[in-house]
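Place chain E on chain W using the hints.
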Amino acid sequence: MSQYYTTTDHFVLVPALMLALFGCAVLLFEVLVFPHPRQRKWLLLFVLLGLAFAGAGVWRQQNFLASQGIEELTAFGGTLTVDGFAIFFNWIFLAASLIVTLISYRYLEVEGEHHGEYYGLILLANCGMFFLATGTDLITLFIGLELMALCFYILVGFLREDRRSNEAALKYLLLGAFSSGFLVYGFSVLYGLAGSTKLRAVADALASREPWDPVVFLALATTAVGLLFKISAVPFHMWAPDAYEGAPTTVTAYLSVGSKAASFALLLRVFLMPLGAAREVWEPLLAAVAVATMTVGNLAAVTQTNIKRLLAYSSISHAGYILLGLIAGNETGIKGVLVYILVYTFMNLGAFLVVVALRRKDLLGEDLDDLAGLVYKSPGYAILMLIFLLSLAGIPPTAGFIAKYYIFLALIETRHYVLAVIGTLYVAVAIYYYFRIVRSMFLAPLADTGPLTTSFGLRLALVVTGVLTLGIGIYPEPFLGFAQTSLAR
Amino acid sequence: MTFLDLIWLIPLFPLAGAAIMLFLGRKLDPQQPSAVALAPGVGPAPGMHGLGHAGHSHAGPGKKLISLLCPGTVLLSLIFSIGAVAELARLPEKTHQLILYTWIAGLPFQTATGSLARFSADWGFLLDPLSAVMILVVTGVGFLIHVYSIGYMGHEGGYYRFFGYMNLFVFFMLMLVLANNYALLFVGWEGVGLCSYLLIGFYFHKKSASDAANKAFIVNRIGDAGFILGMLMMFHVFGTVRFADVNRALAGPGYAPEASWGVLSVMALLLFVGATGKSAQFPLYVWLPDAMEGPTPVSALIHAATMVTAGVYMVARSNALFSLAPATSDIVAVIGAFTAILAASIALVQNDIKRVLAYSTVSQLGYMFLACGVGAYWVAIFHLYTHAFFKALLFLGAGSVIHALGGEQDMRRMGGLKEKLPTTYWTMLAGSLAIAGIPGLAGFFSKDEILWQVYSSPQGSTALFVVGLITAGMTAFYMFRLMFLTFHGKPRMDAHTLAHAHESPPVMTVPLAVLAAGSVLAGWIGVPKLWTAFPDAFRSFEHWLEPVMLRAAAHGADAGHHDAATEWLLMGLSVAVALGGIWVARVFYLRRPELPERLAQSAPGLYNTLLNKWYVDEVYGAVFVDGLAKGGGTALSEFDARVVDGGVNGTGWLARFTSQLSIWWDTWIVDGAVRLVSFAVKVVSYPVRLLQTGYVQAYALIFVLGVLVIFGYYWMR
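As given, the protein sequences belong to chains W and E, one line each in that order. Just so you know, we're using the numbering used here here: the first sequence kicks off at 89 and counts up by one. Just so you know, we're using the numbering used here here: the second sequence kicks off at 9 and counts up by one.
No lab work stands behind these hints: they were computed from the structure. A virtual CB, placed ideally from N, CA and C, is assigned to each residue, including glycine. Be aware that a few hints might be false.
What the hints assert, rightly or not - To give an idea of the interface, some chain W residues facing chain E are shown, with a C-beta separation under 10 angstroms as derived from the structure:
(1) Glu249
(2) Glu255
(3) Phe305
(4) Val313
(5) Pro329
(6) Leu373
(7) Val463
(8) Tyr464
(9) Gly468
(10) Leu478
(11) Tyr494
(12) Phe544
(13) Phe570
As the list claims (entries may be wrong) - Interface residues of chain W toward chain E, partial, derived using beta-carbon atoms under 8 angstroms:
(14) Ala309
(15) Met326
(16) Thr393
(17) Ile510
(18) Ala516
(19) Leu568
This is chain W alone, in the form it adopts within the complex:
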């Protein structure tokens, strides 16, 4: 430890550095190089370049691990750890950022809020996500979480003229700060128990204590509250429908996949490693939360008529399914969680892409009726939306089926039969509300004949998400293999 900044440290940090540098550069470029609003499209190039550099960094890390045959690479004295798990999640974050960037420029022009800060915030949020997946130190994790969350607070309120957007941002900020308080309190208790902020030291300290030790429970409960808030699990989900509805649709899409995936990465890290010793304590707790989450998410979605709100509740219910995989906890279950998050990223983004395309100057495009008869106007969009919805509902041969299958399989393997049955029954409920959208698209007369707000980026993103949603369902092997290699933790 003679050197403060070794080449290994640098190697590990490169993706985050790139994201942060380009994030700041985009802010400067907007002012100095592209001051005119019509030139702002060019900023996209820098965003894509930043993502490409970050991706190259992750790619080199992946190759390095594979070529050296080692499972992990630690840096900064154990503060950051690059392993298969981190790489898996970083790819998901980068893919989500890329897709959201591609669809945003046209949408923001329609909203009349096309500013460079937007892209800067996307990149900086991605930088925060990087630390959530890679960090193995309580302080780093917390700072990563806050970096991501702060960017999202601003992004949610990005439509400055829109009251809904402002309201959503304020609610999200207040409740988010509230939950961060709990989380940081939990972290401080963990530090008190271990005398170190390193996850591994915390794990050792907890393993030497009784699972039902009151101090351990205090740390566990407060940490869990903070994390469950981030993944919008019941009863800490109240912010989600409002924030999802009020935020610009592109931000909703990013929030629902990027923020959720990153929070799950943190949740898995914390619950599997330091809190793994207290599994008997948190397993029933999380099972109850998962059931409540699926219940509220699925049943509340039934009555929604706003598509964004419907998808918000649907996204709440998906968090419940993912939790089930953690509760099963065996290798299939964790693999199921990873596959689920991967699949969820693409299918949920895809569904939001179609909603993004509905927005026009004169049309909010968020009501179920705005989709009416879409198949007659734009059959391609309608069929892709059908694929995304089938996948969200978990119907084969789409990717969503594979994801749910692994979760249920893991539950059966670990003899959580009741949870498996509850999960299966809620799939039937979910069909109902997803098919309300299908019904509107395919079985309702065309209501609105205006053109969709489309762009090259949007079409490209749609094709990519559509192909992946169907492709992972039909030929899942490479993706399952990818998740498999990420299991080493």
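Here is chain E on its own, set in the frame of chain W:
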């Protein structure tokens, strides 16, 4: 490369057709009125073509291409199927498995038996005698119905959309029957459900059509939940879901027929729950009659000949499992028999020509499950195969009538069409005689064999036989009631419609004639063993399916315990009942048409109960639909009100029986599941909406309450 190596192409042809139609169809067929023009209530009613459409009647080149392409893909599948089946027949082992690649590959883990297993499901195809029969039925009947549709749908909007969905359906149906494992079968199972949904709702501007589509989809999901659980349980027990491996495991020494409710019986029951949804058996049959809102070729293909038989196929495919689960098999037989007679009784009094046929389909599917339940799986498939011919024929014939009358479906406004529609009449007559069970026609052989197996099999019983026999009489009656009301007597429609009534074009009548020939001849590959005058070649069907029917094949020989005289007697009895049914229909609707009216007046309770389909829809509607929509409390009071109404309307013992049924329903199903669901929706959905006030203080309060509950969990442990 032989046809056997190319079986993966069989489903691919229709998929290609569907892809072309759905993505490019609108460009090919631009002259069609777009959906914009089809404002609600303005679009053509089903079958309303040819009236005032003269200007549009010339088909553009794109439309001709569609007419060529879509039936063409199914024809290609048919040719490849015939080739593959011909090669299969020459294989000594009579089975051919083609695995493209592993679809889902899992980790090894411990199954219930303690052995390590690796979950895997392939994209793999299995061609064996059972799937051979199915692909020939699907592609053969499917092709004829596609050809027919060229004429029937020719003047309707969304021509390309119709054919795209139809081709997609054929693809999924072929995946369903060619899959070599339950997981892939489930892919097809869901896919055909989706296509059925889209096609039932084809006339989307009619609210009843999109409601019917939703009803079909939702009811089917109840069955699907059972199917998934059964499949997961199967994997847990055997460590595999591939048919061949499951059958090998079941053939092992560890498994014997279960004396009571064991793991195999529960597994079989869960799969059967799936089958009751897809194959419209009690209590999940209610969606099928409503599904008649779809275009008539859809009713013929999906809701008569192919998709609804998927449940029968699945049970027959799982015969090794079901024959080890006698308790479940008994349930299958009883549900089958009960559905058969329930649906037939409803069909007696329906006035909509397609609804009569829909209930008839439900009833015939009941026969098939009855056969499965008594262990005569090959007979179930035999009846499936003959039924595909005559029921598709009857639906297409009904479509031809509806077409001729400009959309009229009510038989009370038909009559005397025999001269106007000679081809339709004679072909439908062949179909009606076949379904009624007149010796020599296809339906006779299969239905008679079912009745004989029910009587003679060790798992059968005389009571079930009597139910089957009564149903046979009802079948003959309602079919000939349909024929007499439609084609005989005086025309009851208005003069304008009568003047316009015309025979359908050859593109529609030729498929009718081919199917009629099938309805007459198809049964001659399964003549009764009793008819010793015929060589064994006429009994090849049972022999053909023997390699698939593992344990079931063994007890087929048991039938020999009964003497020939009994069998002749029962055969005579069933023919007599069929002729009796026809005779009663003749008296009622030709000789003394005032009789039915008087009968209905003298027993109003019975008549109304039947006309209202035993009030099952009302009960379901009150319990499920309103229950879900209005919340538990109102649903229950609604329910009481409706059941009481039902009791008032249906006087007499039959009505009492109905309310008994409702009470039973209330006690077992309503209390168990529905009240839970509607209660849960009410309990959760209402507070959720109430709590989602929009006030951030309220959100924080709930947040804090959640934290307190978590800490409470610590103190309460």
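Going through the hints against the structure:
1. Glu249: Not OK, violated: W:Glu249 not within 10 angstroms of chain E, min 20 angstroms.
2. Glu255: 8 angstroms, holds
3. Phe305: 5 angstroms, holds
4. Val313: With Cβ-Cβ at 5 angstroms, under 10 angstroms, it holds.
5. Pro329: 6 angstroms, holds
6. Leu373: 6 angstroms, holds
7. Val463: 8 angstroms, holds
8. Tyr464: 3 angstroms, holds
9. Gly468: 7 angstroms, holds
10. Leu478: With a closest approach of 8 angstroms, the W:Leu478 hint holds.
11. Tyr494: 8 angstroms, holds
12. Phe544: Where the cut-off is 10 angstroms and the nearest Cβ of chain E is about 19 angstroms from W:Phe544, the hint is violated.
13. Phe570: Not OK, violated: W:Phe570 not within 10 angstroms of chain E, min 13 angstroms.
14. Ala309: Since the shortest Cβ distance to chain E is 5 angstroms, the answer is holds.
15. Met326: 4 angstroms, holds
16. Thr393: 12 angstroms, violated
17. Ile510: 11 angstroms, violated
18. Ala516: The hint holds - W:Ala516 has a Cβ within 8 angstroms of chain E, the shortest such distance being about 5 angstroms.
19. Leu568: For W:Leu568, the interface hint holds, since the closest Cβ of chain E sits about 7 angstroms away, which is under 8 angstroms.
In this structure, the earlier hints numbered 1, 12, 13, 16 and 17 are contradicted, and the remaining ones agree with it.
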